[in-house]
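The chain contents come next:
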Amino acid sequence: MTTFYTLTELVRRFGGSLVGNADTRVRQIASLQTATANDIAFLTNPKWRGQLDTSLAAAFILAPAMADATNKPRIVTDNPYAYFAKVSGLFNPPPDMEPGIAGSAVVHPEARLGKDVRVGANVVIGCGVIIGDGARIGAGSVIGDGTVIGMQARLYANVTIYHRCVIGDRVILHSGCVIGSDGFGLAQEDGHWLKIPQIGRVVIGHDVEIGANTTVDRGALDDTIIHDGVKLDNLIQVAHNVQIGAHTAIAACAGIAGSAKIGAHCTIGGAAMIFGHIEIADGVNISTNTLITKSLPKPGSYTSTPPFAEHGEWLKNAVHMRHLDSMAKRLRALEKKMETLMENKEE
Amino acid sequence: MTTFYTLTELVRRFGGSLVGNADTRVRQIASLQTATANDIAFLTNPKWRGQLDTSLAAAFILAPAMADATNKPRIVTDNPYAYFAKVSGLFNPPPDMEPGIAGSAVVHPEARLGKDVRVGANVVIGCGVIIGDGARIGAGSVIGDGTVIGMQARLYANVTIYHRCVIGDRVILHSGCVIGSDGFGLAQEDGHWLKIPQIGRVVIGHDVEIGANTTVDRGALDDTIIHDGVKLDNLIQVAHNVQIGAHTAIAACAGIAGSAKIGAHCTIGGAAMIFGHIEIADGVNISTNTLITKSLPKPGSYTSTPPFAEHGEWLKNAVHMRHLDSMAKRLRALEKKMETLMENKEE
Amino acid sequence: MTTFYTLTELVRRFGGSLVGNADTRVRQIASLQTATANDIAFLTNPKWRGQLDTSLAAAFILAPAMADATNKPRIVTDNPYAYFAKVSGLFNPPPDMEPGIAGSAVVHPEARLGKDVRVGANVVIGCGVIIGDGARIGAGSVIGDGTVIGMQARLYANVTIYHRCVIGDRVILHSGCVIGSDGFGLAQEDGHWLKIPQIGRVVIGHDVEIGANTTVDRGALDDTIIHDGVKLDNLIQVAHNVQIGAHTAIAACAGIAGSAKIGAHCTIGGAAMIFGHIEIADGVNISTNTLITKSLPKPGSYTSTPPFAEHGEWLKNAVHMRHLDSMAKRLRALEKKMETLMENKEE
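Read top to bottom, the protein sequences are chains A, B and C. Residue numbers for the first sequence follow my numbering, beginning at 277 and rising by one. Residue numbers for the second sequence follow my numbering, beginning at 277 and rising by one. Residue numbers for the third sequence follow my numbering, beginning at 277 and rising by one.
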């Protein structure tokens with residue numbers, strides 16, 4: 277956090293047009309309210325424009341419509357939030373591990389590690405594992421036999437990957453996530469469950485990020501597939517043979533049941549649940565807590581959550597949910613009687 | 277995957293009746309569509325029978341009603357799906373660990389390990405632990421003091437078991453699962469929470485499988501008990517003093533609150549939640565996302581989830597859920613008025 | 277469990293008034309039904325008072341209203357459940373680790389450990405970490421660079437804490453929990469997601485307990501803050517920049533979305549979900565499975581869950597949830613017609 281950049285340097289890297297003193301130097305990005313004189317701040321929502329006047333930031337990142345809302349130096353860009361992400365990435369590279377392979381790591385002699393791979397303490401790397409150049413394997417992580425990990429991939433501490441999985445380049449796996457565990461495949465016989473071996477793999481594309489304690493099961497016969505650019509939050513369950521299309525983002529606590537096929541560019545809200553064996557089109561948005569029980573062939577937003585209420589109020593209303601069918605029938609009966617009355621009247 | 281079996285050998289092991297060339301040799305099982313000439317494929321649903329003609333499989337596993345739907349060699353059995361599970365288990369034994377105890381494992385001198393127990397790198401085994409013959413303890417797993425693990429049990433990497441738990445024979449524990457953590461026991465005093473020591477154990481029967489990142493808390497005073505043959509998927513919470521009856525299967529993301537007693541042969545859908553201190557009969561099926569708030573003394577299927585809709589449509593309808601009581605009262609009022617009108621008319 | 281205490285000693289430590297033989301000696305606490313002659317039992321609910329007569333306990337902990345319900349020795353206190361927690365804590369201290377730092381632990385030379393810190397096998401402690409006196413770090417846990425851990429804190433096995441986090445005194449972290457993972461911060465550009473560096477920390481106060489496999493993400497720019505005395509159960513997601521007020525308790529499987537601010541002394545039920553960027557007042561109780569979508573400025577209880585039903589019954593009723601708006605309109609139309617009829621009649 278001690279490297280300063282001029283606005284000129286930022287614009288050269290990330291585009292946008294510069295208004296004001298191009299030599300203004302900044303070394304961190306901050307919100308309007310917390311920025312200090314060495315910071316660049318960003319405005320993503322016009323309703324906060326009033327904070328431009330009081331912000332201590334040295335410079336701002338603004339949308340074209342806000343370009344004249346301040347006299348301070350500023351970078352004008354169509355997408356201030358994406359610009360913020362890029363500038364923050366420049367100022368805040370993830371903390372790096374120490375070079376080399378920790379003495380306590382257990383690396384199988386038949387594993388192949390690329391250039392500048394860094395391996396933390398107590399890591400276990402299995403037979404036949406291949407790890408791409410520049411990858412980082414956090415302390416305590418375990419990588420099963422035959423798994424392939426792409427270049428610049430970053431596993432935080434205590435990640436577990438089972439055997440024979442494929443992880444793309446620049447993939448980020450957070451602590452506690454488990455990739456390649458057995459899918460929940462069971463056959464019933466005489467009231468007992470027989471385990472169905474899960475012999476597929478998990479195949480994860482490039483630039484995927486998977487959150488802490490999220491689980492992705494291996495396929496039963498075929499593979500579980502997560503395409504490029506998918507972002508999964510924490511504590512998500514991805515069952516066997518699921519496919520998740522490119523650049524789809526899924527919030528925490530969601531669950532995707534077996535063989536569901538999610539499209540590209542979808543967003544799935546926290547704790548949403550998706551039935552197995554259904555297909556969801558590209559560009560679908562699913563609300564928090566929503567249960568999707570059927571295929572969604574068209575893009576759009578879908579919701580299933582009842583509104584909350586103060587508990588006493590809720591009790592009064594909820595009891596009628598058990599009687600909606602009877603209410604509907606009584607309503608229909610009344611309508612018929614009313615029709616009869618009205619007809620008689622007209623006669 | 278290089279061992280071939282004749283159909284005769286399969287029938288000798290698993291039963292069923294053989295039609296066609298008994299010397300047909302296969303070495304893997306596959307779906308009808310992906311099978312190749314060395315595979316046996318299976319048909320579990322009559323609606324896919326058309327694929328029998330085009331499948332490249334060398335042989336099939338079929339139900340009696342489909343016995344004549346192909347001329348190729350076939351094994352006829354009442355339960356093709358269970359048969360598939362067994363054949364697949366034969367062809368696909370789980371990848372095994374290297375024999376012996378890894379040099380980096382830390383095994384307490386007072387732990388007792390049975391014959392052919394295999395212990396992975398960086399495993400930690402506590403004082404007084406007993407591990408049965410043929411068990412497998414995956415890399416990075418930690419087993420607390422005094423815990424007992426049955427024969428042929430299989431812990432994948434990074435499993436955690438607290439002290440004094442009991443794990444049955446042939447139990448499979450997937451990565452990241454935590455067995456025996458403290459139950460959520462709190463007493464309130466002056467607005468603060470006092471911790472109630474959790475001095476019970478977790479006792480797990482034989483042939484149980486527990487998924488990745490699932491948590492099973494130890495009992496407060498008595499034990500948390502999971503009976504034989506129970507199958508738990510990933511990311512499930514089993515609270516203290518829960519009892520789960522034999523051969524019950526629970527899908528991912530479900531939660532069972534403290535002291536709930538679940539019967540045998542139940543199925544509980546994903547993300548279903550079960551209240552504490554209730555009792556659920558044998559043979560109950562609970563739907564995905566359903567919240568069970570009371571005891572269920574009778575077998576059957578139970579559901580509580582509202583249907584999803586396109587978001588705008590949902591908004592229009594959901595608002596009325598806040599007014600169901602008023603709607604019910606208005607309906608009743610109308611019915612009374614209608615009665616009055618009809619009575620007057622009849623007079 | 278071999279130390280006996282007289283009732284006099286218990287009352288000297290924890291208060292309450294003693295009735296009967298003050299020299300009665302007990303060495304464990306138990307429920308009325310399971311207590312034996314060396315145990316003290318407790319009665320928290322008058323409906324179990326009948327069990328006082330048959331309980332084998334040597335003594336009881338009772339509320340004033342029950343003081344005369346037995347002739348056996350007893351401690352009378354306004355809060356028998358809190359008293360039980362304290363007595364149990366005395367009788368059942370958590371099992372302790374072996375003194376010292378395990379030979380297999382990897383402790384960075386620039387980490388500073390206080391007096392009587394115990395470090396388990398295969399623990400990894402990063403550069404600049406500070407650990408307070410009397411803390412316990414369970415086997416396989418990983419503590420990132422620069423993190424500070426308070427006195428008498430207790431980390432069970434396989435806990436992961438990222439860099440630069442702050443953990444208060446006497447905090448208990450259960451296995452598999454992940455503290456300080458990146459928040460789910462993404463900006464969209466041309467249909468791709470850009471990662472927003474998460475440069476805040478997680479700051480956890482004193483006397484907090486966090487359950488197995490719970491995840492607490494670090495802040496995006498500012499910190500995620502969990503105040504003193506908060507109790508989190510298992511498998512909970514706490515997103516970036518969340519603030520949880522002192523002495524709030526949250527049950528398993530709940531999720532708190534980004535920047536939500538939860539008050540003090542709240543209780544949040546299992547699997548409840550709280551939207552991001554909302555504020556919840558002190559003293560709010562949220563029911564199991566409830567989704568809170570707006571700020572709650574007043575204490576009270578809030579619920580959103582539909583009641584469950586037998587599946588066939590549920591199907592019949594649920595279908596009408598898709599037509600509530602039309603039902604409401606039809607009801608209004610009938611009311612208007614009825615008004616017209618009634619007016620005509622009166623004329």
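These are calculated hints, taken from the structure and not from any lab test. In this text, all values refer to a predicted model and were calculated from it rather than measured experimentally. Some clues are possibly wrong.
Same chains, same names: a pair is fine if it fits in one copy or spans any two.
[Said to hold, decoys possible] When the alpha-carbon atoms are kept at most 30 angstroms apart in a straight line, the in silico DSS-like pairs for lysine-lysine are as follows: (1) Lys471 with Lys612; (2) Lys537 with Lys574; (3) Lys537 with Lys621; (4) Lys537 with Lys592; (5) Lys323 with Lys605; (6) Lys570 with Lys605; (7) Lys471 with Lys391; (8) Lys592 with Lys612; (9) Lys348 with Lys613; (10) Lys391 with Lys348; (11) Lys348 with Lys471; (12) Lys570 with Lys391; (13) Lys574 with Lys592; (14) Lys621 with Lys471; (15) Lys612 with Lys391; (16) Lys348 with Lys570; (17) Lys612 with Lys348; (18) Lys592 with Lys348; (19) Lys621 with Lys574; (20) Lys323 with Lys348.
Now the hints, each set against the structure:
no.: 1; hint: Lys471 with Lys612; result: neither (57 angstroms within a copy, 60 angstroms between copies)
no.: 2; hint: Lys537 with Lys574; result: within (14 angstroms within a copy, 36 angstroms between copies)
no.: 3; hint: Lys537 with Lys621; result: neither (58 angstroms within a copy, 61 angstroms between copies)
no.: 4; hint: Lys537 with Lys592; result: between (39 angstroms within a copy, 29 angstroms between copies)
no.: 5; hint: Lys323 with Lys605; result: neither (49 angstroms within a copy, 37 angstroms between copies)
no.: 6; hint: Lys570 with Lys605; result: both (27 angstroms within a copy, 28 angstroms between copies)
no.: 7; hint: Lys471 with Lys391; result: between (41 angstroms within a copy, 25 angstroms between copies)
no.: 8; hint: Lys592 with Lys612; result: both (28 angstroms within a copy, 21 angstroms between copies)
no.: 9; hint: Lys348 with Lys613; result: neither (73 angstroms within a copy, 65 angstroms between copies)
no.: 10; hint: Lys391 with Lys348; result: neither (45 angstroms within a copy, 53 angstroms between copies)
no.: 11; hint: Lys348 with Lys471; result: between (66 angstroms within a copy, 27 angstroms between copies)
no.: 12; hint: Lys570 with Lys391; result: neither (47 angstroms within a copy, 50 angstroms between copies)
no.: 13; hint: Lys574 with Lys592; result: between (37 angstroms within a copy, 20 angstroms between copies)
no.: 14; hint: Lys621 with Lys471; result: neither (71 angstroms within a copy, 70 angstroms between copies)
no.: 15; hint: Lys612 with Lys391; result: neither (80 angstroms within a copy, 79 angstroms between copies)
no.: 16; hint: Lys348 with Lys570; result: neither (53 angstroms within a copy, 36 angstroms between copies)
no.: 17; hint: Lys612 with Lys348; result: neither (71 angstroms within a copy, 62 angstroms between copies)
no.: 18; hint: Lys592 with Lys348; result: neither (57 angstroms within a copy, 46 angstroms between copies)
no.: 19; hint: Lys621 with Lys574; result: neither (48 angstroms within a copy, 52 angstroms between copies)
no.: 20; hint: Lys323 with Lys348; result: within (19 angstroms within a copy, 70 angstroms between copies)
Violated hints, in rising order: 1, 3, 5, 9, 10, 12, 14, 15, 16, 17, 18 and 19; the structure is consistent with all others.
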